[in-house]
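*Asks:* Per our numbering, residue 1 is the first one in the sequence shown, and the count goes up by one each step.
Bear in mind the hints are in silico, worked out from the structure with no lab data behind them.
Hints may be right or wrong, so weigh each one.
List time: in silico EDC-like cross-link candidates among lysine to aspartate or glutamate, alpha-carbon distance up to 16 Å [what the hints assert, rightly or not]: (1) 450 - 372; (2) 193 - 307; (3) 142 - 50; (4) 451 - 368; (5) 83 - 68.
With beta-carbon atoms standing in for the labels, derived distance ranges [to be verified]: (6) 256 - 89: 32 to 42 Å; (7) 447 - 520: 33 to 43 Å; (8) 163 - 256: 28 to 38 Å; (9) 447 - 176: 41 to 51 Å; (10) 536 - 247: 18 to 28 Å; (11) 222 - 548: 18 to 28 Å; (12) 249 - 77: 49 to 59 Å; (13) 173 - 502: 42 to 52 Å; (14) 479 - 33: 56 to 66 Å; (15) 548 - 116: 40 to 50 Å; (16) 89 - 68: 11 to 21 Å.
What you are looking at is a predicted structure, and each value in this text was computed from that prediction instead of being measured.
Virtual Cβ for every residue (Gly too), placed ideally from N, Cα, C.
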Amino acid sequence: MRRFCLLVAALASLSAATIQAQRVEVTIPSLTTPLTGHLILVFAKSDKPEPRMQMNEDYGSAQGFGVDVSDLKPGAPILIDAKTFGYPRRSLADLDAGDYYVQAVFNVYDLFHLGDGRKLWLPPDRGEGQHWYSKPGNPYNKPVKLHFDPRAHGTLKLALDQVIPPIAGTDQDPEVLGRREPGAKWLKYMRFKSPVLSRFWGRDTYLGAWILLPDGFDEHPKAHYPVVVYQDHFYPDFRPLPWVTSQPPADANARAKAGYRFFQDWTSGRMPRVILIYVQSANPYYDDSYDVDSANVGPYGTAINDELIPAIEKQYRGIAQGWAHATFGGSTGGWETLATQVFYPRDYNGAYVACPDPVDFHAYQNIDLYSDTNAFTRYGDFGQVPIAADRKPDGSIIANTGPEYAYEYVLGTHGRSTEQWDIWQAVFSPPGPDGYPAQVIDPLTGVIDKKVVAYWHDHYDLTAIMMRDWSTLGPELEGKLHLTVGDGDTYFLNNAVHLLQDQLSRTRNPHSDATFQYGPRMPHCYTGGPSEYTMQQNNADWPQRVLPRMVEHMLATAPPGADVTSWRY
Numbered sequence: 001m002r003r004f005c006l007l008v009a010a011l012a013s014l015s016a017a018t019i020q021a022q023r024v025e026v027t028i029p030s031l032t033t034p035l036t037g038h039l040i041l042v043f044a045k046s047d048k049p050e051p052r053m054q055m056n057e058d059y060g061s062a063q064g065f066g067v068d069v070s071d072l073k074p075g076a077p078i079l080i081d082a083k084t085f086g087y088p089r090r091s092l093a094d095l096d097a098g099d100y101y102v103q104a105v106f107n108v109y110d111l112f113h114l115g116d117g118r119k120l121w122l123p124p125d126r127g128e129g130q131h132w133y134s135k136p137g138n139p140y141n142k143p144v145k146l147h148f149d150p151r152a153h154g155t156l157k158l159a160l161d162q163v164i165p166p167i168a169g170t171d172q173d174p175e176v177l178g179r180r181e182p183g184a185k186w187l188k189y190m191r192f193k194s195p196v197l198s199r200f201w202g203r204d205t206y207l208g209a210w211i212l213l214p215d216g217f218d219e220h221p222k223a224h225y226p227v228v229v230y231q232d233h234f235y236p237d238f239r240p241l242p243w244v245t246s247q248p249p250a251d252a253n254a255r256a257k258a259g260y261r262f263f264q265d266w267t268s269g270r271m272p273r274v275i276l277i278y279v280q281s282a283n284p285y286y287d288d289s290y291d292v293d294s295a296n297v298g299p300y301g302t303a304i305n306d307e308l309i310p311a312i313e314k315q316y317r318g319i320a321q322g323w324a325h326a327t328f329g330g331s332t333g334g335w336e337t338l339a340t341q342v343f344y345p346r347d348y349n350g351a352y353v354a355c356p357d358p359v360d361f362h363a364y365q366n367i368d369l370y371s372d373t374n375a376f377t378r379y380g381d382f383g384q385v386p387i388a389a390d391r392k393p394d395g396s397i398i399a400n401t402g403p404e405y406a407y408e409y410v411l412g413t414h415g416r417s418t419e420q421w422d423i424w425q426a427v428f429s430p431p432g433p434d435g436y437p438a439q440v441i442d443p444l445t446g447v448i449d450k451k452v453v454a455y456w457h458d459h460y461d462l463t464a465i466m467m468r469d470w471s472t473l474g475p476e477l478e479g480k481l482h483l484t485v486g487d488g489d490t491y492f493l494n495n496a497v498h499l500l501q502d503q504l505s506r507t508r509n510p511h512s513d514a515t516f517q518y519g520p521r522m523p524h525c526y527t528g529g530p531s532e533y534t535m536q537q538n539n540a541d542w543p544q545r546v547l548p549r550m551v552e553h554m555l556a557t558a559p560p561g562a563d564v565t566s567w568r569y
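Go ahead and model the full structure; you've got the sequences and the hints to work with.
*Replies:* Following this line, the structure appears as structure tokens:
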């Protein structure tokens, strides 16, 4: 209650300040029909890169302001004043007088008529991977240098006279990339219309999939192959490494060189002959769905595992049996990898998990959702301390949780920022009273809603679910769980992995045989590997390290009569 009163007082002072504060007025000259969406206005000290590219969650961010806009009529202005919510500074009135490069983007929303009857205004993905600053169709202005003084009278005016162009037909279009030779001999792209997602969203909804076929696929028409699913964020091209079919120049970046080594290993017989799939599942809330069934994001677990993968196996001769499936991924993909194995235990025969998003909500990054009452600050009898969110491997803090929530709130209200905290909320929460994801953490005060936390616990806390269901789930997970994380993880994700290991170490009947590897002082995206190599070197050959382990386990656990020969030529 004390923090709420302080918030009210702060807003009241802002309201008074708007009488004298300089304002910004934004128009969209080309507008011919009403628009609904969210305007993001950015102030930066430099125009390289453009200000719209300079906002982020840490202390080095450019300054942003965000405002919801409903039914904007042609010719009508959008006003940003001292009441408009900002990050890192809360108000225009808080800016220093000076010269800034100023740019605005209008993130256009669509009205979605969901299958359950909800009608929600959301930002559709338009092929860019859910990024407001590069979304095709979004109006924006080129950066302009302006002098701003919060104490001055008058109004600064911006006209959004540019529109971000379409991606279709460009080198960011997966369907264009998929037709490139000679790589297309092995690498295929599928755009798959999902019936279950289309019913949920009330419109045609597609998944993308990159499919890397094994060497010798055309020459062995009777062979059927194991399937490995790689989990990651949205990228237009193939992952986990680029598919580079010719030797890069000597001055090429390390990733290109790693991609060429992967191509050589894949096509020379040095790698196990499997089908490697990378799924794209961008949606209105994020660049990725987290690959589970969700009340807000949709039934992506069902769509991927019961619709997409069977279609791929049918077309490309996959062995459609659980013993011949495995999955791996890091970060978001790490959480997806573990969740896929836990929620589909018989359909997968190995999960190789790196730096996963929180697998235990006692360590939701640095927040204990069960014990903490506020996500931004911990209070003692006489003191208080902000809850850290991001750090360097040496422990230096670069972002706290409260400002990160402010950053996302500038980008979108009702959980529509398309950023990290909001996608966790969208995936894990039930719908709220307004139809949007129920708030687990109030973005302005940090107060934690324990009723929503209880729902999260029962449905998506992977440690809690494994412990609750161990008598039946445990036997299905034997030999299948392998986790790695850096103990200097940027987002404190190692803490949840340690909690998971502690819980699994207490299991009986069976006792868990999950393996864990921790990288001392290693940051986010640590994938394990020999300690004599750097993290970057180990990441560059991650597929070459894990795919042989996957196949070795498949062969050791294949049921009698399984096809363990046709693909081993």
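*Asks:* Of the hints given before, which are not true for this structure?
*Replies:* Result: no hint breaks.
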